[in-house]
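Participant: Protein chains in written order, with the working numbering: chain F, 2 to 255; chain L, 136 to 513.
Worth flagging that the hints you see were computed from the coordinates, not collected in a lab.
Be a bit skeptical, because a hint or two may be false.
What the hints assert, rightly or not - Derived coverage of chain L by chain F (criterion: at least 3 residues anywhere in the stretch with Cβ under 8 Å from a Cβ of chain F; other residues may be distant):
1. 231-245
2. 262-276
3. 284-298
Claimed, not checked - One side only, chain F facing chain L, incomplete, derived with CB under 10 Å:
4. S101
5. G106
6. L133
7. S154
8. V162
9. G195
10. R207
11. A239
Claimed, not checked - Residues of chain L clear of chain F, computed beta-carbon distances all greater than 10 Å:
12. G165
13. A306
14. A309
15. F322
16. R359
Just so it is clear, CB atoms sit at the ideal spot from N, CA and C, and this is done for glycine as well.
What follows is the residue order along each chain.
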Amino acid sequence: MGAGHAHQLYREGRSPVHTLPPHCKIAAVFCFVVVVVSTPREAVWAFGAYALLLAGVAAVARIPAGFLLRRLLIEIPFVAFALLMPFVAEGERVQVLGLSLSQSGLWSAWNILAKGTLGVAASVLLASTTELRSLLLGLQRLRMPPLMVQIASFMIRYGDVITDEMRRMRIARRSRGFEARGVQHWGVLAKSAGALFIRSYERGERVHLAMVSRGYTGTMPVIDDVTASRTQWTYAAALPLTALAVCLTGWMLT
Amino acid sequence: MHVPDGFINAPVSAATGVVAAAAVAVSLRGARRELLDTAGGAGAGGGERTAPLAGLVAAFIFAVQMLNFPVAAGTSGHLLGGALAAILVGPYTGVLCVSVVLLMQGVLFADGGLTALGVNITDMAVVTTVVAYVIFRGLLKLAPGRRRMVTVASLVAALVSVPAAAAAFTALYALGGTTDIAIGKVFTAMVGVHVLIGIGEAAITALTVGAVMAVRPDLVHGARGLTARPLELRNTGPVAAPGAPAVARTADEPEAAPAPADTAPAPAAVTPRRSVRRVWLAGLAAALLCAGVVSFYASASPDGLEKVAHDKGIDKKTEDHATQDSPLADYGVEDITDARLSGGLAGVIGVGATLAVGTGVFVVVRKRRAAAEPAETV
């Protein structure tokens, strides 16, 4: 566990995408997703173009396709949900392979699948090319309230610690022969959760005292302020601007 | 439960984004107050406590969402945490912490779309937490000064908060859904499924709050008025010292206390027994109610898909546990939210799950009774 802070989410690299300032990347990804969401769903080719754009970014960032695809798995619950759509939606019915499917349901399923997948892929690219800490710095640059940034950074920093505590409790339970098999064991698990809360809260108090004793007054000094040059903004803007062009074409053609 | 991009249209997403931002701004202010007067003693002299405490609580919520509660036959669920956060740390901090968790899940794990962040925060952080806290306080007002009431109140609060979030989602969906499924159908499916999820959430929340109440009642924000006076450190002599940690740690692990072998299971079995039975009776009542309403819509469609999704989720999870380099990597596809996918099939699942839960209750109660009687005679 030596490399506790090297997350599997982040892929080390020195590509042009990695070196872009974080707030440019966050803004670019957000604008990209907004553009994707506002594309009419009938413009099927547009989504193909978006996918190609993202594939291009992934290629520049040297993110292997397998890594990207594996992370896309988080979407599975909604894929299943989308697959149900054609069966339950209203409207005209079409016969496909002997099944009666709703036409608008098919369109909705496509809509959710395409937009959801592109959104997830864009976020995955962001998270895998930006370190956790610089993501937070970027959010701060984008005027997220400083207190919120601090809370998020504490959550990120201590997330591993707290999950490790939980894992140690699980090991302690198992080494005493406990195995949660069903509802009758919820009491034990809930006690662990309660203990975990107390430990986290008390750790928070200790962390606070330690910080106060080192001169903390409620604000964290910004040591490494990230700045972005105009060229970097231009590079970052390439993705959403191309997407915007695709989107506008899509609106005009449909 | 995390809504992806493209599910709710752009205007409604933007509007909920504004609502979410306003809610977060209000709770930033409120959380500062809540966490300030949590200071049980002299406190740390006005230092800003919000960031470390709220951050650690957010980390706790994040972690506890990964704690799996086995239901039956290989399926398991996990806590959503909104009601728990509201009761343990107060509504403002609760909203704040759950929002931060959602934000981080969206940005880091791509769980929930970036444009749907407003929808997710409004739905899961604001509605759940506020509804749970209002119900919790309301019930406590009905029977003031009763500590047992805290468990019952948190049970009901969590039970209602989950379907309330589902109803709120349905409302958002009615305003800006991108599919044209009849709203009545969405409502029935969402609320029906989430009543079931809510039963699990309620039981776990009540048990967890009970566990915290047993050890550090001063930390339970919702029960602030009930404990007579704040806990204080007393300088007992070195003789009494070994006893103190044992008392404080009983909730960690039942075996942690250096006790004779036969008493170790007894405290674990006796104290929660009553509350567990009550939890399950309430759960049974709610499940029956749910079945009565939802079964009306039952159809003969297959519900195998649900089971497959569950199995897939389980497989993935066990795999992840094997390669646990980073705990965050654990974060897999969770199962209970999968129930959402059941759409119009909610009726079938509702009845099936109600039966399963119902029979489970009887088995559990019988087993516990059988186990408790010899334990008491020993």
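Participant: Does each hint hold? Answer for all of them.
Facilitator: Do the hints match the structure? See the list:
no., hint, in the structure
1, 231-245, "holds (count 11)"
2, 262-276, "violated (count 0)"
3, 284-298, "violated (count 0)"
4, S101, "13 Å, violated"
5, G106, "7 Å, holds"
6, L133, "7 Å, holds"
7, S154, "7 Å, holds"
8, V162, "7 Å, holds"
9, G195, "3 Å, holds"
10, R207, "9 Å, holds"
11, A239, "19 Å, violated"
12, G165, "12 Å, holds"
13, A306, "18 Å, holds"
14, A309, "14 Å, holds"
15, F322, "13 Å, holds"
16, R359, "14 Å, holds"
Checked against the numbered hints given earlier, the structure breaks hints 2, 3, 4 and 11 and satisfies all the rest.
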